[in-house]
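K.L.:
Heads up: the sequence lines are chains A and B, in that order.
If you read the first sequence in our numbering, its first letter stands for residue 35, the second for the next number, and so on.
If you read the second sequence in our numbering, its first letter stands for residue 35, the second for the next number, and so on.
Bear in mind the hints are in silico, worked out from the structure with no lab data behind them.
For glycine and all other residues, C-beta sits at the position ideal for the given N, C-alpha and C.
You may find that some hints are simply not true.
Unchecked claim - The calculated label-pair distances, taken between Cβ atoms and stated as ranges, are:
(1) A:282 / B:216: 18 to 24 Å
(2) B:242 / A:95: 30 to 36 Å
(3) A:401 / B:172: 41 to 47 Å
(4) B:348 / A:286: 39 to 45 Å
(5) B:306 / A:245: 40 to 46 Å
What the hints assert, rightly or not - A short list of chain B residues far from chain A (calculated; beta carbon distances all over 10 Å):
(6) 105
(7) 115
(8) 154
(9) 201
(10) 235
(11) 237
(12) 248
(13) 257
(14) 299
(15) 330
(16) 352
(17) 400
Number of protein chains: 2
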Amino acid sequence: VTTHSFLPDPVRIIGTGLIGGSLGLALRAAGVRIQLEDASPGTTALAVELGVGTVAEPDGPSPELVVVAAPPDVAADLVVQALRRFPGALVTDTASVKESVLVRVLDARANGTIGTGDLARYVGAHPMAGREVSGVIAARSDLFQGRPFVIVPHPEGEPRGVSTLKAIATEIGAVPTVLDAHGHDAAVAHVSHVPQILSSLVATTLTGTEDKAMGLSGQGLRDTTRIASSDPRLWVEILAGNAPAIAPVVREARDRLDGVVDALDALGGTPDPDAGARRTLASLIADGNRGVGRIPGKHGGGTDTFSTVRVLVPDRPGELGRLFTEMGSIGVNLEDLQLEHTLGQPVGVAHLSVRAGREDLLTSELRDRGWTVAEA
Amino acid sequence: VTTHSFLPDPVRIIGTGLIGGSLGLALRAAGVRIQLEDASPGTTALAVELGVGTVAEPDGPSPELVVVAAPPDVAADLVVQALRRFPGALVTDTASVKESVLVRVLDARANGTIGTGDLARYVGAHPMAGREVSGVIAARSDLFQGRPFVIVPHPEGEPRGVSTLKAIATEIGAVPTVLDAHGHDAAVAHVSHVPQILSSLVATTLTGTEDKAMGLSGQGLRDTTRIASSDPRLWVEILAGNAPAIAPVVREARDRLDGVVDALDALGGTPDPDAGARRTLASLIADGNRGVGRIPGKHGGGTDTFSTVRVLVPDRPGELGRLFTEMGSIGVNLEDLQLEHTLGQPVGVAHLSVRAGREDLLTSELRDRGWTVAEA
Numbered sequence: 035v036t037t038h039s040f041l042p043d044p045v046r047i048i049g050t051g052l053i054g055g056s057l058g059l060a061l062r063a064a065g066v067r068i069q070l071e072d073a074s075p076g077t078t079a080l081a082v083e084l085g086v087g088t089v090a091e092p093d094g095p096s097p098e099l100v101v102v103a104a105p106p107d108v109a110a111d112l113v114v115q116a117l118r119r120f121p122g123a124l125v126t127d128t129a130s131v132k133e134s135v136l137v138r139v140l141d142a143r144a145n146g147t148i149g150t151g152d153l154a155r156y157v158g159a160h161p162m163a164g165r166e167v168s169g170v171i172a173a174r175s176d177l178f179q180g181r182p183f184v185i186v187p188h189p190e191g192e193p194r195g196v197s198t199l200k201a202i203a204t205e206i207g208a209v210p211t212v213l214d215a216h217g218h219d220a221a222v223a224h225v226s227h228v229p230q231i232l233s234s235l236v237a238t239t240l241t242g243t244e245d246k247a248m249g250l251s252g253q254g255l256r257d258t259t260r261i262a263s264s265d266p267r268l269w270v271e272i273l274a275g276n277a278p279a280i281a282p283v284v285r286e287a288r289d290r291l292d293g294v295v296d297a298l299d300a301l302g303g304t305p306d307p308d309a310g311a312r313r314t315l316a317s318l319i320a321d322g323n324r325g326v327g328r329i330p331g332k333h334g335g336g337t338d339t340f341s342t343v344r345v346l347v348p349d350r351p352g353e354l355g356r357l358f359t360e361m362g363s364i365g366v367n368l369e370d371l372q373l374e375h376t377l378g379q380p381v382g383v384a385h386l387s388v389r390a391g392r393e394d395l396l397t398s399e400l401r402d403r404g405w406t407v408a409e410a
Numbered sequence: 035v036t037t038h039s040f041l042p043d044p045v046r047i048i049g050t051g052l053i054g055g056s057l058g059l060a061l062r063a064a065g066v067r068i069q070l071e072d073a074s075p076g077t078t079a080l081a082v083e084l085g086v087g088t089v090a091e092p093d094g095p096s097p098e099l100v101v102v103a104a105p106p107d108v109a110a111d112l113v114v115q116a117l118r119r120f121p122g123a124l125v126t127d128t129a130s131v132k133e134s135v136l137v138r139v140l141d142a143r144a145n146g147t148i149g150t151g152d153l154a155r156y157v158g159a160h161p162m163a164g165r166e167v168s169g170v171i172a173a174r175s176d177l178f179q180g181r182p183f184v185i186v187p188h189p190e191g192e193p194r195g196v197s198t199l200k201a202i203a204t205e206i207g208a209v210p211t212v213l214d215a216h217g218h219d220a221a222v223a224h225v226s227h228v229p230q231i232l233s234s235l236v237a238t239t240l241t242g243t244e245d246k247a248m249g250l251s252g253q254g255l256r257d258t259t260r261i262a263s264s265d266p267r268l269w270v271e272i273l274a275g276n277a278p279a280i281a282p283v284v285r286e287a288r289d290r291l292d293g294v295v296d297a298l299d300a301l302g303g304t305p306d307p308d309a310g311a312r313r314t315l316a317s318l319i320a321d322g323n324r325g326v327g328r329i330p331g332k333h334g335g336g337t338d339t340f341s342t343v344r345v346l347v348p349d350r351p352g353e354l355g356r357l358f359t360e361m362g363s364i365g366v367n368l369e370d371l372q373l374e375h376t377l378g379q380p381v382g383v384a385h386l387s388v389r390a391g392r393e394d395l396l397t398s399e400l401r402d403r404g405w406t407v408a409e410a
């Protein structure tokens, strides 16, 4: 294995958890030498055993890049230390909240702990893993595949910071995106932190519900609450770390919910309430439609570029295989799939998402082959 | 086709929309004669053309069962009329809200419009379709397959009401469940109406977000907001119709969100806030965990009876087919599947849900056959 010339080498990873470990695995596969450091020697040893890299040696080669892969509350101190310890190296961190880290690095320059030249070597990062597990034992070289890798420069940073991280993001199969610290924190508040709070909120309303009522649960409830299974300890740190960006969005949602409560009270209490009550509910749903339409990708936004074909599939081994083999021979590619079935039922419904315009061909060909395809 | 002796015949369906039309298709397939009525002659004609049944004739045979398949705001009047028009028939309605309909039927008895014997022939129903589309054009005989069919008796009803609807539910492949009107309305408020409100609320927070921020969207956001694409007109009627049952649940959620806003303000504003702020966030997430655990089925509740195996799948026709064919030959049945891939990426990750205990066999056999299976 030879290193690509545009990748920094060696790379020092400080903090060998899920993110540091996965980054190490992915970069090592590209031929980069990985030097590991962790507050816990046991964790470092486990990371070495898992093939993430080698233990950093005091007299080893100086790193070209230092990655601080530690939680937001300790990341800034480790970044400042790294800027002092490795005077030639680019230093980055992978904390999921960026503004509080940058502010503390700027403070270190203001109080003279580091110089302006040191500050220039810092660039923030947030490789999004989309996986709420932790520990190096869960590390995978493909963790960042197809995921956003946010690069967070600041006005006093060297341009090579951004270009080096772009090279790394591309190498590990991630999608590089550049945002400033404030923009990053606001973005993850909207697309991740507030949805987590409201999904958990939906789930809390179910704790006292009767079993029989829970039997009426459908796919909508399952989708809405899927992320409500997340780890409380991890999420308290994430929400606390980004509280200034999350609070205004949650407050706005809360204010809107106040209006919904008033509207429901009016509709439930009087036979002929003010027309404003219905309008409040209608605009909640309509604005929600607009919001969903802004989500890029296969489910949101692109609704007119994909069509869904629903096929009944007997619930026994090999049937889905037969279906997909036949799709392959028909020559229609599957863009997305949702499988819907209820325990104890002998059939499920496969929702096949295909490129718009291909649905008629697929439907008629599948029917010719004996499949039950639901009406469009 | 011969009718099963326990099914009523003929059945009069009043209101030929999605529910009435689908019920007609499903019962007709079982040999039941279906007589159709709708306020709109054009809609009735379309239903006949689609094979739902025949137009009701004034001098035709009397129905054994009348199904009022109309929105909640007109259902009660049509039920009262049907009890008077068809003195021997059992009468039911399919409105998605049950208590307000029952109250108005009881009012009709109290003011002498119908007698106590008429009231005894009424039994409520809510066949849950799980599909937010409307119109007979969308009707399908398999609409109720595997879905809950709620039967809603009242203390003065004849027992044959429940047994007849159980026979119908079973015939059309649905899962019959008996709840009283109040219990039904509270149940759907919890498992359907409040999740709809909060999913729409999440989506409304995205309307003003920058495009670049939306690029960081992940699967969690897509899941949480999937039902926020629902039709505003339909949902205003549903929410307004069940406002008394929904309001207390939404109010409780709003009160809890007040606490979350206060906690976020405290955490964002002061470097060392009260410990209560973190506790508020932790108990939100932890109570959400408990709530999700109460959802029956493959995703909620059964988390320890199923295991997930993640396999990389090249994004070209036939590859999923090959995977499932091989699963079939390994002899491991697929219980659920989620396909995760990002536009423009050459591979996707298939999350295969299999019965707990089968994951090691599947992983090793798939690896032997050359598939890339992610670490557990």
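K.L.:
Does each hint hold? Answer for all of them.
P.N.:
Hint-by-hint comparison with the structure:
The beta-carbon spacing between residue 282 of chain A and residue 216 of chain B, approximately 39 Å, falls outside the hinted interval of 18 to 24 Å. For the hinted restraint 30 to 36 Å between residue 242 of chain B and residue 95 of chain A, the CB-CB distance of approximately 49 Å leaves it violated. Checked against the given bound of 41 to 47 Å, the beta carbons of residue 401 of chain A and residue 172 of chain B, roughly 19 Å apart, lie outside it. Restraint check, residue 348 of chain B to residue 286 of chain A: a C-beta distance of roughly 43 Å satisfies the suggested window 39 to 45 Å.
Checked against the given bound of 40 to 46 Å, the beta carbons of residue 306 of chain B and residue 245 of chain A, roughly 44 Å apart, stay inside it. No beta-carbon of chain A comes within 10 Å of the beta-carbon of residue 105 of chain B; the shortest separation is about 14 Å. Chain A leaves residue 115 of chain B outside its interface by the beta-carbon criterion, the shortest separation being 21 Å against a cut-off of 10 Å. At roughly 25 Å from the closest C-beta of chain A, the C-beta of residue 154 of chain B stays outside 10 Å, upholding its exclusion from the interface.
Interface exclusion of residue 201 of chain B from chain A stands, the closest Cβ pair being 18 Å apart, more than 10 Å. Here residue 235 of chain B does not stay apart from chain A, with its beta-carbon only about 5 Å from theirs, under the 10 Å limit. Separation of residue 237 of chain B from chain A is inadequate, the least Cβ-Cβ distance of about 3 Å not exceeding the 10 Å criterion. For residue 248 of chain B, the non-interface assignment is contradicted: its Cβ lies about 5 Å from the closest Cβ of chain A, within the 10 Å cut-off.
With a cut of 10 Å on Cβ distances, residue 257 of chain B falls inside the contact zone with chain A, its closest approach being about 5 Å. Listed as a non-interface residue, residue 299 of chain B fails to keep its Cβ farther than 10 Å from every Cβ of chain A; the least gap is roughly 6 Å. The claim that residue 330 of chain B lies off the interface is violated: its Cβ sits roughly 6 Å from the closest Cβ of chain A, which falls inside the 10 Å cut-off. Under the 10 Å C-beta cut-off, the non-interface status given to residue 352 of chain B relative to chain A is violated; the minimum distance is some 3 Å.
In this structure residue 400 of chain B is separated from chain A by more than 10 Å, as the shortest Cβ-Cβ distance comes to about 13 Å.
Taken one by one, the earlier hints fail for this structure at numbers 1, 2, 3, 10, 11, 12, 13, 14, 15 and 16, listed in ascending order.
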